[in-house]
Amino acid sequence: DAGITQSPRYKITETGRQVTLMCHQTWSHSYMFWYRQDLGHGLRLIYYSAAADITDKGEVPDGYVVSRSKTENFPLTLESATRSQTSVYFCASGGQWESIQYFGAGTRLSVL
Amino acid sequence: GQQVMQIPQYQHVQEGEDFTTYCNSSTTLSNIQWYKQRPGGHPVFLIQLVKSGEVKKQKRLTFQFGEAKKNSSLHITATQTTDVGTYFCAGPSDNYGQNFVFGPGTRLSVLP
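Going down the list, the protein sequences come from chains A and B.
Okay, so the first sequence: first residue is 1 according to the working numbering, each after it adds one.
Okay, so the second sequence: first residue is 1001 according to the working numbering, each after it adds one.
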């Protein structure tokens, strides 16, 4: 009963490097989301996906790329990491007919 | 765009005292959700309110949705150390109801 899993849990990288954060859910939820959490800002939506091959920008999409070739996976890529992208990243999923979101354990990313 | 605000940002209470956090939206909401995040953890769904003036209880937690559906509150009676964490409210950001805008959260500390 894994539910929704994120990997890695912790990541340290350097400015300019490409980083991919993984998210996998076993519920066959239609919707998947990526948030970043920073002190004082709560949870801010980066990208979301309503179904496989359908993605859309959230509040803070700049510097991030997503894809969703399969329903269960929703990777988030930082094409060229910057220090301002140091944050905790949460992936979430939700069913088509309910709006409850189920969050993964998060990835703590540090960009040096 | 839609904004969701919460007050207070932080609250320190003695164990056994009551606690209330308030959530205000810049727009009328079709529903509102509350999530709890324990320190070092991930947000976990608590409840969803849909009707104007709705009040729901979960043991010592009482949730209320305002008559105008622009505000909400969470009240905890006789706090316990297990109540420690950050409480977020979230409102739909679009008509589809699957994307939510999260408030910045209220961080609750309970002193034993």
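Since the hints were derived computationally from the structure, they do not count as laboratory data.
The reader is advised that the hints may include incorrect statements.
What the hints assert, rightly or not - Here are a few chain A residues that face chain B, going by a calculated C-beta distance under 7 Å: (1) Ser28; (2) Leu43; (3) Pro61; (4) Gly63; (5) Tyr64; (6) Gly95; (7) Trp97; (8) Ile100.
Unchecked claim - The list that follows gives simulated cross-link-like pairs (lysine to any residue, SDA-like), each with its CA atoms no further than 20 Å apart: (9) B:Lys1036 / A:Arg44; (10) B:Lys1036 / A:Ala51; (11) B:Lys1051 / A:Glu98.
The beta carbon of each residue, even a glycine, is placed where N, CA and C say it ideally should be.
Practice item. Could you check if Gly95 (chain A) really has its C-beta closer than 7 Å to a C-beta on chain B? Key: violated, 9 Å
Point to revise | Residue hint Trp97 (chain A), partner chain B, criterion CB-CB below 7 Å | key: Violated, about 10 Å.
**Study point:** 20 Å Cα cutoff - pair Lys1051 (chain B), Glu98 (chain A)
**Key:** holds, 16 Å
Check your understanding: Does Ala51 (chain A) lie within 20 Å of Lys1036 (chain B) when you go C-alpha to C-alpha?
Key -> Violated, at roughly 27 Å.
Check your understanding: Holds or violated: Lys1036 (chain B) with Arg44 (chain A), Cα cutoff 20 Å?
Key -> holds, 16 Å
Exercise for review: Would you settle whether the hint for Tyr64 (chain A) is holds or violated, based on the nearest Cβ-Cβ distance to chain B being less than 7 Å?
Suggested key: violated, 16 Å
Check your understanding: Is the hint on Ser28 (chain A) kept, meaning its closest Cβ partner in chain B is under 7 Å away?
Key -> This interface hint is violated because 15 Å lies over the 7 Å limit.
Review point. Does Ile100 (chain A) pass the interface check with chain B, least Cβ-Cβ distance below 7 Å?
Key: holds, 5 Å
Check your understanding: Close enough to count: is the Cβ of Leu43 (chain A) nearer than 7 Å to one in chain B?
Key -> holds, 4 Å
Exercise for review: Tell me if Pro61 (chain A) is really an interface residue toward chain B, meaning its C-beta lies closer than 7 Å to one of theirs.
Suggested key: violated, 13 Å
Exercise for review: So, Gly63 (chain A) near chain B? Judge it on the closest CB pair being under 7 Å.
Suggested key: Violated - the Cβ of Gly63 (chain A) stays beyond 7 Å from chain B, reaching only about 20 Å at its closest.
When each numbered hint is compared with the structure, violations occur for hints 1, 3, 4, 5, 6, 7, 10.
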